[in-house]
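Engineer: What follows is each chain in one-letter form.
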Amino acid sequence: MAEVNMEQLLNCALCPNMCRCECPALQATGREAVAPAGKGRLAALINEGKLNWDEAMLEAASYCLACRGCTIHCPFSELNLCDELLFSRMPARPQGVTLPQVDPYLNNLRKYSSPYGQKSDPVIKTNRPGERAGGEEVIFFNGCTSLANHPPSIEAAASVLLKAGVSFRMTEEDCCGYPALVWGDRELGRQLAEENKRKFAESGATLLVTNCPECWLTFSEYYPDLEQELSLEIIDGPSYFLRLIKEGRLELKEPDPGSSGELGAGVISYHDPCIWARTAGTISEPREILQAIPGLELNEAQPSGSLTRCCGGGSMFQLAFPDTAAAVASRRLKEFPSEAALVTACPFCREGLLQEDRPVLELVEILDRYFK
Amino acid sequence: MAQDMRTVLQESRVEQAVMDRYAAEAAKIVGENNISANQADLLSACRDYWPANSIWMREGVFPALPQLVAWPKTTAQVSKLLALANQEKIPVTPYGEGSGALGGVVPLRGGVTIDLKLMNKIRVLDERNLLVTVESGLNGALYEEELNRAGYTGGHFPQSLRCSSVGGWLACRAAGQFSTRYGKIEDMAVSLEAVLPDGTVFSGRKVPRTATGPRVDHLLLGSEGTLGIITSATLRIWPLPEKRHLASYTFEKLESGLEAIRLFMRAGTRPAVVRLYDGQETGNHFPELGDKRCALILLIEGNARLVDAEAEVIDDCVRSEGAESAGAEHVEHWLEKRFNIGVASMLFQKGAVLDTIEVTTNWHNAYTTYLAMQDALLGVEGTMLASGHYSHVYPEGAALYMTVVGFPGGDKISYYKKLWQTAMEACHKEGAAFSHHHGVGLHRGLWMTDEHGSGLEVLKKIKDALDPEGIMNPGKLGLEEVQLWQK
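Heads up: the protein sequence lines correspond to chains A and B, in order.
Residues in the first sequence are numbered consecutively from 0, following numbering that gives the first Met the number 0.
Residues in the second sequence are numbered consecutively from 0, following numbering that gives the first Met the number 0.
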């Protein structure tokens, strides 16, 4: 795994932090220790051997939702505090300092390759049912959270891919390894990465599509750090679906009667998942899709796009710190137009935003309703 | 297990049994989750952006540590926390966003740090009366963002906007970059709600002005947590401006720029932003202008017709002093970069000591104070740069903002103290006031006798009356001597 960049970490630690207003952990808790520079200072002092890890220090350094909101106003273009914290936390576990509440999830990960525990029946969807796996062009990777919490989004994704005539396969998945990395078990993360790399290579696919931003980030940014760089193209779900539309493989259709009920008057607001918006740069793609649908009116959250704010779901927060995750989501929900139904493109965001009565749909579910 | 931390300013600590008793009661008041005595929280709430803290951070030492941090969510909770602390004689340090530049939140005698960040709501937006009532822990940028959504501005844009709180502004008598039009925070504060050490909650009337005796709530403005805790404030707001006019000029001499500003302020114009840089800062901020001339940047905003009229008057005044127009792009550049202070972190890492020292001058000594302070700062061995600009102006004078960077050969703290000693002496000799908007904190307290004269005794009497046990932010505002921090 990449080394901590001490120069950048110290830049943060010595900065008054113009990013404080954008740190969801700080805004939700008020704790100075979880302010960007608060975390940065503790991590820097620990890395320099001036402090030692203890559970409270580790908890503070783990209070990062990896939303990269702190990059919005950051004067240091090379600083990625989320990663510096993630790399800094790695030595804590070998020193016997852990967050007890994540141990059950890590045990699940070791045993079932999913932090959520034993999976139900394997989800195997393909355009070639009954045939042996292999030879499909696209691997569609749903991610543990969709598999565990929202199977309808998987059904919708498979339906859309079938309509578009994509040669694809969804198969029984091993976790991408992100939770292990976030919670400081580098070796487990590396093992999962190795297993996924092997499976992807054996499939012969040339394209890896995922609807999960965390999986995308792990495949794209952390696998190379773990020396498990993938050889196939990795693309985020919204960009891929827009590509299918532009290629004419998906066309608008009349929605099935009654299917738009929860969308009410058709006013929707798209919540930009942080990783899509700030790391992948996928901002216009979901909007192009949504704006192409007659009868839907896109009403933006304030802020949105690259300035989006976290839903509380980043960095596995809903599992490790559920109360704070809920507080972060609650704050984000106030930033949407009150009358709008919410659409997002991330299983964690969907979970986080499901706090109120208002409907929250995944982009792929909208696609399935309005495209043929 | 607790780690041993080296502290350099810890005067004393409260007996642990007393703190344990307080913590148990505090937990009943704010909830178990809203108090902490873990080291991560104590180490983080012990400091602000005082350069001495950055120097010590690089050495792995801390100024002084609190023994407990509490996060109240309501005024009633603050009241109970203070009353209890008063009863137990436990020192209390109020904490906002930690952007202070003078060590105002260093808990010299331990005790409890009351972090107000969870008091972060806008209580009432009163559009008809152009007032907003806001809790003191709200982050500045989030405050402005929420007002903007409703079509208003708070008009307060300190460079620390994104890392400071409303309460911090009030407690330090802060100024924003647009202060010439909108005023300093004390001009915006119509009324305050505050809690005294004995738990008394009081607030002022939310009316434009009163003549019913001194405004006791306004006594808390600039009190830096030494008299009580400000829990909310009713502030003036403005409709978002209809028009914004940007202009910049250059002058051959700094004195000509100052005279031009004096003239247009005397004429009654109130541009939001007025910033006059010396040659060195002109070269640093606007390299294309070089460092031989002094740049003046202006931003005028508000009603379109008034903006046009002000722009015309100002243009006449500055041209009468020999200004050359330099266009709007330098102001746009400044608007884009005005919150970027990343260079400070990089310089600290390279072993530099840097600070900014802001003082208030009248027109008669605005220029001579600049010369005297620059001379003084450059005279300290190790100083590489001492430059200045004027950034908050009034009909009667202007704030002077000096920036100093040095690479001292020996002990950095000694160098830092020498810088300040010589700068404050120069300021005093010129008759300028010791601070315009950063406040006093711990460090500037060293010169408060010079600043206030017999007025300091009056302030001490007020402190004794309101805080007889002396629990509120001990050692700050120059109200008492701090043995471990002397000139």
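One or more of the hints may lead you astray.
[As the list claims (entries may be wrong)] In silico BS3-like pairs for lysine-lysine, Cα to Cα no more than 25 Å straight-line: (1) Lys428/B - Lys333/A; (2) Lys49/A - Lys162/A; (3) Lys49/A - Lys205/B; (4) Lys428/B - Lys416/B; (5) Lys291/B - Lys72/B; (6) Lys72/B - Lys333/A.
For the record, the hints were derived by calculation from the structure and aren't laboratory data.
Given the structure is predicted, the values throughout are model-derived calculations rather than measurements.
Engineer: All the hints need checking, so say for each whether the structure fits it.
Structural biologist: Verification of the hints:
1. Note on Lys428/B and Lys333/A: the hinted pairing is violated, with a Cα-Cα distance of about 54 Å set against a maximum of 25 Å.
2. With a C-alpha separation of about 59 Å, the suggested pair Lys49/A and Lys162/A falls outside the 25 Å cut-off, and the hint is violated.
3. Straight-line distance between C-alpha atoms of Lys49/A and Lys205/B comes to about 50 Å, which puts the hinted pair past the 25 Å bound.
4. Between the alpha carbons of Lys428/B and Lys416/B the distance comes to roughly 18 Å, so the proposed pair stays at or under 25 Å and holds.
5. Between Lys291/B and Lys72/B the CA atoms are separated by roughly 53 Å; this puts the pair beyond 25 Å, and the hint is violated.
6. Taking the CA atoms of Lys72/B and Lys333/A, the gap is near 19 Å; set against the 25 Å cutoff, the hint holds.
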